[in-house]
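S.K.: Work the whole structure out from these sequences, hints included.
Taken in order, these protein sequences are the chains called A and B. Going by numbering that gives the first Met the number 0, the final residue of the first sequence carries number 172, and the count climbs one at a time with no gaps. Going by numbering that gives the first Met the number 0, the final residue of the second sequence carries number 576, and the count climbs one at a time with no gaps.
Simulated from the structure, these hints should not be mistaken for lab results. Please note that a few of the clues may not be correct.
Said to hold, decoys possible - Dumping the calculated SDA-like pairs for lysine to any residue here, alpha-carbon to alpha-carbon at most 25 angstroms:
| no. | chain 1 | residue 1 | chain 2 | residue 2 |
| --- | --- | --- | --- | --- |
| 1 | A | Lys28 | B | Ile136 |
| 2 | B | Lys221 | B | Ala342 |
| 3 | A | Lys4 | B | Ala321 |
| 4 | B | Lys190 | A | Glu169 |
| 5 | A | Lys69 | B | Gly167 |
| 6 | A | Lys40 | B | Val195 |
| 7 | B | Lys516 | B | Lys530 |
| 8 | B | Lys328 | A | Gly65 |
Model, not experiment: these values are computed from the prediction.
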Amino acid sequence: MEENKNFTVSVYTENNIGILNRISAIFLKRHINIESMTVSKSEIEHVHRFTFVVEVPETLIRKVVGQLEKQIEVIRAFYHTEDEIIYHETALFKIASTHLYDEKIQDKLKFRRAHIIAITERYFVIEASGLKEDINRMYEKLKPFGLLQFVRSGRIAITRPKMAITELLEEIN
Amino acid sequence: METLKKDIQEGIAEKMIKITGAEAVIKCLLEEGVNLAYGYPGGAIMPVYDEIYKYQDQFHHVLTRHEQGAIHAAQGFARVTGKVGMVFATSGPGATNLVTGIADAQIDSTPLVCITGQVGSHLLGSDAFQETDIIGISTPVTKWNYQITKASEIPEVIAKAFYIAKSGRPGPVLIDITKDAQFGELDFSYKKCKKVRSYRAIPKLNIAQVKEAAALINSAKKPFIVWGQGVIIGGAEQEFKNFIEKTDIPSASTVLGLSALETKHPLNVGMVGMHGNYAPNVLTNSCDVLIAIGMRFDDRVTGNLATYAKQAKVIHFDIDPAEIDKNVKTDIAVIADVKESLAEIMQYVNKTEHKEWMQEFNKLYNIEHEAVINNQLNPTKKGLTMGEVIGGINKETKGDAVMVSDVGQHQMFACRYADFIKTRSNVTSGGLGTMGFALPASIGAKMGVPNREVVAIIGDGGYQMTCNELGTILQTKVPVKIVVLNNSYLGMVRQWQELFFDKRYASTEMVSPDFVKLAEAYDIEAVRVSKREDLADAIKTMIASKETYFLEVVIEQEDNVFPMIPTGASVSDIRLS
Ligand SMILES: Cc1ncc(C[n+]2csc(CCOP(=O)(O)OP(=O)(O)O)c2C)c(N)n1
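M.R.: Next comes the structure, spelled out in structure tokens:
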């Protein structure tokens, strides 16, 4: 059995209604659990970019990318291993304001990409961003204080190799 | 000055004709050269039907008895003509009744455009009367789909639908149009679609790949070709024949590739797959180079992938990059339209002979003939066999007929024994295996090629799934020939029960009505045959008839289709009995 690996899949698509359905159906058909997903505008006008993180064998992800690219509204799809990308996730932690002046919390905030983004009478909100492990570590540190809410984003990633979408679009047109 | 300006403006205004969305639908179809559609009306598509009524001198609509009948008819039409099949249905149940046919068309790469009505856009998402999310439901089984909510979108979307349905690897497209968009008005003008930004219909041929493939083919001692429907869809029958004749390579077909090359061509070594011929299945595991052309290594073809052609280098010609390495790992992929790649490779392949290798196919054919084929075509047992019925039809039609088969044992007999002399003559549900396909598909096929004989071969089970379409025949008088092979069982399932479930015939015995009377109720001439001595004459009379004709043949009850590769077995472990 080929071993599972983490892959980041980037899919460039037309900005049309229904495309998410079409794309997720392909993962669904192959019984692949999506670890995280982010959608946003891309560097090209009317082109959206989906970033999926999945844990599967490489032969499988290659087939999935083939099926993704086959969709009419998908311009290109790529998959990358962890060392081919620079990525980030963001998390928000909501904590009761009783802890605001707790020195121990102040300590935790020394992590270089964490800071307080809102303070009210009842609670305050810490934002942290970084690699998945950074967020996990932050989570473990803050959990003892009681988390009123916790949320983390999907991954956003920039690849080290080039993804020649603009050139590709020019070539088609 | 003022009046002149006003005149000009009015002139322009007159030229830009304002019409309703519903009328635009029909005008778009006429622009695409479509003047025949199948369908079934209902509330949400009524504005379009009203236009069909107004345009009836230019646009023909066939009312089927069920939406499934409509879509299978459109599939039959598309398969024999290569044109886009057209279907209309209303929202909700009308749309969902299309789903089986859409899935069937998707897996068999059949070009279709389905237009469904939808509730008014202000009602979308409110669980309104007859509202279903047909876009969501059909997404996994369409090549593309789109919901129109404004009349002004209609021309552009329909143009795009036709381009996507028929270009590249064809497939079904569904357009859902809300009722208000059908009633709404637009300034009509039409431009055919020639490209879609994110869609590359035909990959660019890479000459380096062609040369590499040619070098491997030239070096092969035991090359073997398996071709599929891609040859037919690409219109590459002649290029294919030139190629195999120059290289002298034994070639076998998948079920859907049948008729691309005439059955009796000396290099045609039969059909591969679960119920395919002995020689090509066995020798798949002996060839040194396996050349797959416009086929997708379906599991019914390959059997167990772990033992499939492991000794061979594999070359795969296909238009769809996603098919490469999907099931079988290839050594060289030529990703392009096969019409182009096969024409190109002719420059680089040597004229060769493979006499000894061909002999191996002939030897195995003789074994199969002795063990299976002869008994099927010239049986000595009392009951009639499906094979001899197909043989009898061959005799009368000289292989010139379009054979439309349903799903089951009779389908495999039809595919194994039909003689084809022309392309686009085998219409069957391959990838999905949809029972109920044949009767409506034969209606569409006959309308597509009215000058050809169209014979539907159907089991007693599948026939009862869509025999309501006899009503469509009654109304249209389309002269198809219907042959029901009645074994009083869901034969194919019974065969599996016999072989793999200790003969426990769970719910496969089937009591049927008097099929002859049923046909007669629809004003169709009908005959039942149960004795060998009556068969030939009955077939002769049927083929000679200018009208619709129904023939029921009572078949040996427990006859089996062999050879057979049991699921999970290797292609070379094919059983002859
Ligand atoms: C819609 C549908 N339901 C069920 C099946 C499963 N199935 C495959 S073959 C078969 C039996 C077909 O029986 P019949 O139409 O009598 O043909 P025969 O095999 O006897 O020639 C069945 C039930 C199917 N292919 N399609």
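S.K.: Hint by hint, say whether it matches the structure.
M.R.: Against the structure, the hints come out as follows:
For the proposed pair Lys28(A) and Ile136(B), the alpha carbon gap of about 14 angstroms is at most 25 angstroms, so the pair holds. Our distance criterion of 25 angstroms between C-alpha atoms is met by Lys221(B) and Ala342(B), whose separation comes to about 22 angstroms. Using a Cα cut-off of 25 angstroms, the hinted pair Lys4(A) and Ala321(B) holds, with the two alpha carbons roughly 21 angstroms apart. The straight-line distance between the Cα atoms of Lys190(B) and Glu169(A) is roughly 22 angstroms, inside the 25 angstroms bound, and the hint therefore holds.
Our distance criterion of 25 angstroms between C-alpha atoms is met by Lys69(A) and Gly167(B), whose separation comes to about 11 angstroms. For the proposed pair Lys40(A) and Val195(B), the alpha carbon gap of about 20 angstroms is at most 25 angstroms, so the pair holds. For the hint pairing Lys516(B) with Lys530(B), the CA-to-CA distance comes to about 19 angstroms; that is within 25 angstroms, so the pair holds. Taken as a hint, the Lys328(B) and Gly65(A) pair is honoured in the structure, with Cα atoms around 14 angstroms apart against an allowance of 25 angstroms.
In terms of the numbered hints stated before, the structure departs from none.
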